[in-house]
Structures are given as structure tokens and as C-alpha cells.
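Student: Read off the chains here:
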Amino acid sequence: MAALPRRIIKETQRLMAEPVPGISAVPDESNARYFHVIVTGPEDSPFEGGLFKLELFLPEDYPMSAPKVRFITKIYHPNIDKLGRICLDILKDKWSPALQIRTVLLSIQALLSAPNPDDPLANDVAELWKINEIEAIRNAKEWTRKYAMDN
Amino acid sequence: MADIFNFIFGVVRNIFRMFSSSRNPLNNSLNIFIKCNTGNTLTVGLDPKWDIKDVKNIIAPKLGANPDEVKIIFAGKELDDSIIIEDCDLGEQSTLHAVKLKDLSIRATKQKKCSLLRETVEDEDEITLLQEKNNRDKSHFYVYCSVCAAMKIGKLRIRCSKCKSGAFTVDTDPKSWNDVLKPNKISGHCEQNDCPDGVFGWAQFYFRCAEHICQGENDIAVPLYLLKNNLRKIPCLACTEIKDIVFVFTCREAHVTCLECFRVYAVLRLRERQFVLDDSFGYTISCPVGCENSLIDECHHFKLLTKEQYEMYQKFATEEYILKAGGVLCPQPGCGEGIIVDLKCDKIVCVNGCGYVFCRKCLQGYHIGECNSVDNNISIDNIQHVTDPAKALQARWDEATNVAIRVTTKPCPKCRTATERSGGCMHMICTRCSFHWCWVCQIEWSRDCMGTHWFG
Numbered sequence: 019m020a021a022l023p024r025r026i027i028k029e030t031q032r033l034m035a036e037p038v039p040g041i042s043a044v045p046d047e048s049n050a051r052y053f054h055v056i057v058t059g060p061e062d063s064p065f066e067g068g069l070f071k072l073e074l075f076l077p078e079d080y081p082m083s084a085p086k087v088r089f090i091t092k093i094y095h096p097n098i099d100k101l102g103r104i105c106l107d108i109l110k111d112k113w114s115p116a117l118q119i120r121t122v123l124l125s126i127q128a129l130l131s132a133p134n135p136d137d138p139l140a141n142d143v144a145e146l147w148k149i150n151e152i153e154a155i156r157n158a159k160e161w162t163r164k165y166a167m168d169n
Numbered sequence: 077m078a079d080i081f082n083f084i085f086g087v088v089r090n091i092f093r094m095f096s097s098s099r100n101p102l103n104n105s106l107n108i109f110i111k112c113n114t115g116n117t118l119t120v121g122l123d124p125k126w127d128i129k130d131v132k133n134i135i136a137p138k139l140g141a142n143p144d145e146v147k148i149i150f151a152g153k154e155l156d157d158s159i160i161i162e163d164c165d166l167g168e169q170s171t172l173h174a175v176k177l178k179d180l181s182i183r184a185t186k187q188k189k190c191s192l193l194r195e196t197v198e199d200e201d202e203i204t205l206l207q208e209k210n211n212r213d214k215s216h217f218y219v220y221c222s223v224c225a226a227m228k229i230g231k232l233r234i235r236c237s238k239c240k241s242g243a244f245t246v247d248t249d250p251k252s253w254n255d256v257l258k259p260n261k262i263s264g265h266c267e268q269n270d271c272p273d274g275v276f277g278w279a280q281f282y283f284r285c286a287e288h289i290c291q292g293e294n295d296i297a298v299p300l301y302l303l304k305n306n307l308r309k310i311p312c313l314a315c316t317e318i319k320d321i322v323f324v325f326t327c328r329e330a331h332v333t334c335l336e337c338f339r340v341y342a343v344l345r346l347r348e349r350q351f352v353l354d355d356s357f358g359y360t361i362s363c364p365v366g367c368e369n370s371l372i373d374e375c376h377h378f379k380l381l382t383k384e385q386y387e388m389y390q391k392f393a394t395e396e397y398i399l400k401a402g403g404v405l406c407p408q409p410g411c412g413e414g415i416i417v418d419l420k421c422d423k424i425v426c427v428n429g430c431g432y433v434f435c436r437k438c439l440q441g442y443h444i445g446e447c448n449s450v451d452n453n454i455s456i457d458n459i460q461h462v463t464d465p466a467k468a469l470q471a472r473w474d475e476a477t478n479v480a481i482r483v484t485t486k487p488c489p490k491c492r493t494a495t496e497r498s499g500g501c502m503h504m505i506c507t508r509c510s511f512h513w514c515w516v517c518q519i520e521w522s523r524d525c526m527g528t529h530w531f532g
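Protein chains in written order, with our numbering: chain A, 19 to 169; chain B, 77 to 532.
Incorrect hints may appear among the rest.
Cβ-Cβ distance ranges computed for the label pairs, FRET-style [said to hold, decoys possible]:
#1 344(B) to 132(A): 30 to 40 Å
#2 50(A) to 447(B): 44 to 54 Å
#3 92(A) to 382(B): 38 to 48 Å
#4 390(B) to 148(A): 29 to 39 Å
#5 485(B) to 92(A): 28 to 38 Å
#6 481(B) to 39(A): 44 to 54 Å
#7 39(A) to 330(B): 43 to 53 Å
#8 121(A) to 422(B): 48 to 58 Å
#9 330(B) to 142(A): 24 to 34 Å
Below are the DSS-like pairs computed for lysine-lysine, each with C-alpha atoms no more than 27 Å apart in a straight line [stated by the list, open to error]:
#10 319(B) to 28(A)
#11 176(B) to 240(B)
#12 176(B) to 112(A)
#13 490(B) to 112(A)
#14 240(B) to 110(A)
#15 86(A) to 100(A)
Among chain A residues calculated to face chain B with C-beta under 10 Å, some are [said to hold, decoys possible]:
#16 40
#17 79
#18 85
#19 99
#20 113
#21 114
#22 128
#23 132
#24 136
Since the hints were derived computationally from the structure, they do not count as laboratory data.
Note that the Cβ used here is the ideal one computed from N, Cα and C, for glycine as well.
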């Protein structure tokens, strides 16, 4: 394994020293490119009170390629599918090496506050979110309580 | 007062020179060509400690003139008598230009202190920055040298845009890359006797590699003007390290990467076929941040890649050009020859390549009638012996490959490039023609596809 690039070391140090409010990202002990992430559900969202586990991996080409991020905790969200894959432009074609782990996690946190059912990944969820938002939000709260609390 | 100072300075220098030259008599002399406006070229050995006055003393008799009547021109500047040769950044076998003045009165009016044209073509604020730092030893130009086949430090040189003579003095120093790269920006005077433009003319700037001995007039190098010395200590946007030489993109923000990250970025984009074919700049990429108007407009910058990577770049660029021009690429494995075709004719022969004859529409062997979309294009009519047709089908060498390709790939709906889906979602982006298509529907990617079967 090649030495860890200075950029990754610096980003990790900063994440440790000045963590983003509501987000914790800790590198794996055996692989400094693999991060264990916990995002707290934003206030005034159906995910409030939940702790959502994610995994984040920095590929070999990082920062020229985007980090790979996935929800491990089940979540009822129109832009996150049942395998935890996230529909977020900056993780795909809008990625730029000027972005960081920090900005990616902030964007994911923002996605929890503002679901976008017009750009769906989980189709059934998005469908319900559009037809019956009240029920969709109830489901999201239910899932949060069931999967993202007390574990 | 100034005269006294100059006198004392001159004496001290002469004494110093006597000592230094007696210690190592001409063992570090520079072989320099001196080109005269009469057409003669002299080869002289110059001591780097000499000044221009000494050079004039040597040259004048050969021109049949007094030393006062001789003007020495180098890199667009008349050199003042007091300039020391080693300060001129002359390489071995460089060329100086000597001009015999026709009229001494012209000289009197033009007598002004000329500073040497240093490598200071940067933004205006950078010039002051450079002066502050007094960073004279550092070159500020990088070039691609085809002789060395590598990125090298370069030297800026000037000649007359009409007659190409180096006996040319500029009226003003170039202030920006624009002045250097665009024609007719900086005016000057050509001293060549037979120049059609006479005295007034435009300067033409060019570069030489500073790291090999000049191999004559045509030994010029391409400026890699997006490379700069990192005097401002800007960290690379990707690796955040502060490197000595950086790549500065042409976007308004002038984003900076180090050369290593530039290479990684360029190769990644190249492998993903994410370069674009621009009508004016060629096959190129923009700033990694994705800024507008940031395409790299000098393709020689891709010479920073390895030889193999650059060959891949050239291959892809050629293919893109052919496809854009309505041509096709020969589908035979290992061939890929580009062929510009007549759109009215479906029968294509790979004339300059492997000779394969194929159908323009389906890229299979040429056939009469409609294209066979999938199977059943295997003919067993010409088999002489009685065999089990089923077994014969399985025993075909190429067939296994064809079947494997058919099973594992789908053609891009637009350019028909066989595409394998190794994972991820159903949204395919053709690496050859950039068409967005759906793996399930095999038509252009749509919102419906995204809604119903994005991940299958």
C-alpha cells in the first residue's frame, strides 16, 4: 500500500480537530481510507433524533475521483435506496477535487433536511413522497425510530 | 558624480577580471556565434566575465568599423557596454547580433539605459513581485523541447516577424503572455539590411530549450505557458501541497494544481474518455473544478504525460476527430483504423488498415440486405463434410468470442460500440461517443428509466 497522501492526512486531522456539528467521521484502524461516519438526523426533519451510520471510502484516485459513500443504517428517503446508495450530484458527475470529505458529509446532511422526490433513487419512496407527503414523513419517522435509535 | 562612480567601478572590475582570468585562463569560455547585419557569421570564444565593450572591440575590426559604431543585440535588446556576458543568460553556441550603425546621430537620440529582457513575462503585479524577490536565478518559462523530449526550462528569444532576423530591438517589453503569444503586439526595429519591413516592424517571440546546446535557427521549443513557478506559494487544489512548479488553469479563478496531480487528473479523464474535441483548441480538458472557459488551449501541455499516455491521447483525439467528421472506426480487433466514409454507401473497406469489409450500420462483416441484429448470421452452407450442425456451431474458434461479446455486452444505441456493464446502475455513458443510454431499454437515458429501473 502506497503511503497515505498528505491531503488525506490533513483532511483527517481537521475532521478530528474541528468536527462538523452533527457529523462524526473516524478512519478505520486498519485502513485510513475507510471512514466510519455517523450523521445525526437534522432538527425539524423526519430524521430528527436518529443516528445514521454511513461508510465512506476514499478511492486510489482521490481527490481526482469522488469518495464512495453509502448509508449502512436503513433510511426512508427518496434519494437513498434500500442498499443505502445515495443520489447526490457531487458524488457523481459534479465531483471536483476542490471538494472534501467535509463538504460531502455536509451535503448528505443537507439532503436529509431537504429530500428531493423529483430526482429519485428509491422510486416507491419518491412516489409516496409526492402523492402523500404526510404518510411518507410518517414512514420516515417510523424508520428513524426503528432503525436509527437505541443501537 | 555618476561618471566618477562608473570609472571606479570599471577599474575595480578590470582588476577583478585580470585576477579571475589569470586564474583560469579562458577554460570556461563560451563559444558564441555573432551574426552581422552584413550577412557574415563569426564564431568567437568569449570569457563570461567580459562586458559588451570587450565584445565590440573584438567585432569592430571584422565589420570594418569603430567599436563605437557597433551595436550588439540579444533577445530583442541592445546590450549596453557595461553589461557582463555572464549576466546575459547566453547558452553555449548562442547567437548575438552585431549591427554596424549607418548614422551615429540615430544612436544619440536612442541612447538610453536598456535593461536586459529578463524572464519576467507574468502578470503585471507579478513583475513587481519578482523584483521584490530578486529571483533572478530562477527561470520563469517552461517549454516542451522535442530534442530533449521532455519539459525543460526555456529561454525567450525575439526576432523580426518579417525577415526572422534576430537583429531586432523591441520598443517595449512584453507585459503578459498575450503580448508574447499573439502576433503583432510588440513593435520594434529590425536592423537587418535587407529586411523588407525596413526599420519599423513587429517582434516575433519564440522559445529555446535552455538545457541543450542550441542546434541552429530552427531548434525552437513550445512554451508551456500554463506552468508557472509557484512564487506565490499556492497549494495544489487536489493534494494541498505547495510545489515549486504548478499548473495554472485558464479559468477566472486561476485554479492551481501541482504537476503530479495534473497528470493524474488528465490520465483519469483520458481513460474515461472525458476529454472534449474543441474546434479551436483540439482534444482537451477543462479545470478539474469544472469552471467555465477553462479549456487547456495548448495541447502540448499533455506532453507532460508519459510517452504511452500521450500516445493514447493522440489515438483518442484522432478517433474523436474521425467520429465527429462522420467517419467510422474499423471494428476488427486490433485494427481500429479510422475511415472517412461516404454516408450514402453502407459497404466500407478498411483501405489503409486491415482490409476488412464491413457494414457501416451494424459494423459486422459486409452483407446484402437488412442487418442481422443478433444471431443467425452463421452460415454452414460451405461445409463439405457431414457434421452435426450443432457441434459445428460450438466448435468455431471466433464464435466463442462472439458469443461472449454478445452475452456480456450491449451496443451503444448511437455508435454501436460494444459495451460491458461491470457494475453500478443502468445509466450508461458511452466512453466513445458520450451518449447517455439505458442498459435495460437500450435507448437514450430518460427520467422514466431513472424512476423505474435505475438500479435494475
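Student: Mind checking the alpha carbons of residue 490(B) and residue 112(A) for me, to see if they're no more than 27 Å apart?
Tutor: This hinted pair holds, its Cα atoms lying about 24 Å apart.
Student: Looking only at beta-carbon atoms, does the pair residue 50(A), residue 447(B) fall within the given range of 44 to 54 Å?
Tutor: Holds: the Cβ-Cβ distance is about 53 Å, inside 44 to 54 Å.
Student: What's the verdict on residue 319(B) and residue 28(A), does the C-alpha distance respect the 27 Å limit or exceed it?
Tutor: Holds, because 16 Å separates the two Cα atoms, which is no more than 27 Å.
Student: Classify the hint on residue 99(A) as holds or violated, based on whether any CB of chain B lies nearer than 10 Å to its CB.
Tutor: With Cβ-Cβ at 6 Å, under 10 Å, it holds.
Student: Range first: 43 to 53 Å. Now tell me if the beta carbons of residue 39(A) and residue 330(B) are that far apart.
Tutor: Violated, since residue 39(A) and residue 330(B) (Cβ atoms, about 33 Å apart) do not stay within the stated range.
Student: Assess, step by step, whether the Cα of residue 240(B) is no farther than 27 Å from the Cα of residue 110(A), and give holds or violated.
Tutor: At roughly 52 Å apart (the allowed maximum being 27 Å), residue 110(A) and residue 240(B) break the hint.
Student: So, residue 85(A) near chain B? Judge it on the closest CB pair being under 10 Å.
Tutor: Constraint on residue 85(A) not satisfied, violated at 13 Å.
Student: Taking 10 Å as the limit, does the beta-carbon of residue 136(A) come near enough to a beta-carbon in chain B?
Tutor: Result: holds, 9 Å to nearest chain B Cβ.
Student: Measuring from beta carbon to beta carbon, are residue 92(A) and residue 382(B) in 38 to 48 Å?
Tutor: holds, 46 Å
Student: Holds or violated: the 30 to 40 Å window for the beta-carbon distance between residue 344(B) and residue 132(A)?
Tutor: holds, 31 Å
Student: Could you say whether the range 29 to 39 Å given as a hint is met by the Cβ separation of residue 390(B) and residue 148(A)?
Tutor: At 50 Å between Cβs, range violated.
Student: Does the Cβ pair residue 330(B), residue 142(A) satisfy 24 to 34 Å?
Tutor: Distance hint for residue 330(B), residue 142(A) is violated at roughly 47 Å.
Of the hints listed earlier, those the structure fails to meet are numbers 4, 7, 9, 12, 14, 16, 18, 22, 23, in rising order.
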